[in-house]
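Line by line, the protein sequences give chains A and B.
Position 149 of the first sequence, counting from 1, maps to 149 under full-length UniProt numbering, and the rest follow consecutively.
Position 176 of the second sequence, counting from 1, maps to 176 under full-length UniProt numbering, and the rest follow consecutively.
Check each hint, because a few of them may be wrong.
[Stated by the list, open to error] Taking lysine-lysine pairs in the PhoX-like style, the calculated list, with each CA pair at most 25 Å apart, reads:
(1) A/K249 x B/K249
(2) B/K157 x B/K272
(3) A/K291 x B/K59
(4) A/K8 x A/K147
(5) A/K59 x B/K245
(6) B/K59 x A/K31
Honestly, the hints are just simulated from the structure, not real lab data.
Protein chains: 2
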Amino acid sequence: MAASCRLKPLSSVAVSGGTHGNEMSGIYLAKHWLRDPMELRRGSFAVTPFLGNPRAIEKCERYVGQDLNRTFTTELLSSTEAEDEPYEVGRAREINQTYGPKGSAQAFDFMFDLHNTTANMGACLIVDSEESLLPMHMCHYIQTHYKWSPCRIYLYKLPGEETYSIDSVAKAGLALELGPQPQRVVRADLFAQMRALMACALDFIELFNKGTVFPAFEIEAYKITGRMDYPRYPNGEISAMVHPKLQDKDFLPLHPGDPVFQTFSGEEIVYKGDTTIYPAFINEAAYYEKKVAFAKMEKHTFSIPGLQRE
Amino acid sequence: MAASCRLKPLSSVAVSGGTHGNEMSGIYLAKHWLRDPMELRRGSFAVTPFLGNPRAIEKCERYVGQDLNRTFTTELLSSTEAEDEPYEVGRAREINQTYGPKGSAQAFDFMFDLHNTTANMGACLIVDSEESLLPMHMCHYIQTHYKWSPCRIYLYKLPGEETYSIDSVAKAGLALELGPQPQRVVRADLFAQMRALMACALDFIELFNKGTVFPAFEIEAYKITGRMDYPRYPNGEISAMVHPKLQDKDFLPLHPGDPVFQTFSGEEIVYKGDTTIYPAFINEAAYYEKKVAFAKMEKHTFSIPGLQRE
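Looking at chain A on its own, in the form it has when it is part of the complex (with noise of 0.2 Å):
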């Protein structure tokens, strides 16, 4: 990897909220910022607010015929309209035309994508990989000037996997995930979070833009592996819940032999793996029909090289 790199500044850039319609932190800023943009303006470039998915915004649900946040694949976005598809195939073909094409030059230079999550993960930053330059220098510039609470960097590509999130309809993406928080809520602090997280990130790249050197660094990161499933029924249902010593505990260490479900009947299930992990996204609500009770994570250090506009 070379030691340093140089991109072309930043024009282009969006933020969605209501990608997911009851994650209530993005839904109401990005309706504030639609009424007042002012603070999504910076010298060199201003940031385009949109509402991700407003049909399960209106009925306050993740999604409403499947997750939006899955749908950006070159399959669907290249599929031709059918008149059963699920709204949301549509709707990112919308979203892919303009703020993309996907992977073409027209592309937008930026999206952020903000999300809430029920699990205790506080103020999390989501990048593809950690291949993704500007996207981890912006995590690093956040993670030195944003005070409030630690920011962990999520890399959510599995490998061999394509994107598929809004966000990666763009040259280059980060989504923002504030919790816990309860579906179809709004808490001011994490409101508050958000909004302090986006203006650090903007500043970011308002220095960027006007050539500040990003020399290169070390970074912790936290690697999707796999996922766990809850134990269930032969009918499918859940038999066990996650385990009260895990819940909570998100990017901290979990052992093999370390205790992860409790059966509904107080039975304990211990974690099987073969090396120590760091779960995220426990006891996520919108994951149980997914089938997932938490992300198996990795804890890597990552050199990523120096950064400067052309």
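Given chain A, put chain B in place with the hints provided.
Only chain B this time, still in chain A's reference frame:
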């Protein structure tokens, strides 16, 4: 009021889980008890568990057509079946047939109803009014014997209002309201608390049935006096959030002039009432649509007469 009352022993007792289909502690408890009802047995009686709103549970939604727990009014229970009626109106009639009829001698002696809230209400005991003698004695017994957390008593009936909740079909009832827990999430800690509270309540019934004399006592309880809506834009959307200084402060005093809301632009809105109140259900997810940011409660001390079986 008499210094002591005699009531018949309780033989028919039911417990509803999933009166709201996305409040998971009671749903999984009821499903567990339907598989294995052993712990609902005592020497003098056994409890019948049931799922309050099976269709809403299936969809993991609070309700399908309308809130089941507001449907047990005389008017709705006596209405004739109509093709276009909400599912819950028919379901309420079924429940009334099985465990009622409401107000009749045939009605079940007691019904428990299991709920969760996203508000920070701890383990809250909900009774219609302080005049409900047996439930007030049950609350007193729980407060004395359940050591996990303080159990506040919430008296839900406004003066002149008819009872409308599912447990009102039985001769007496108690709702357990445990929080904070997000909708669609089951936390092992709250699940264990709800189970322990139920065990404690059943122990009380067993003692009562066996002839224990419960003397008169004084008890503190919170009585609803009204509800406070969010500030809203002309289009009906909320324009402010629960203030961070009020968030999570259920049952603590709110004085005139204390902050209650924070607009999305950051302005503070203060409480303009004349007297100190004790808010509850602060920022409950399901109450945004009901136009309730919190319930306004007064704190009272009530004298409850003694109780024993006939």
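Do the hints match the structure? See the list:
1. A/K249 x B/K249: It holds: about 24 Å lies between the C-alpha atoms, which stays within 25 Å.
2. B/K157 x B/K272: Holds, at about 24 Å.
3. A/K291 x B/K59: With Cα atoms ~16 Å apart, A/K291 and B/K59 stay inside 25 Å; holds.
4. A/K8 x A/K147: violated, 29 Å
5. A/K59 x B/K245: Not OK: A/K59 and B/K245 at ~29 Å, beyond 25 Å, violated.
6. B/K59 x A/K31: violated, 28 Å
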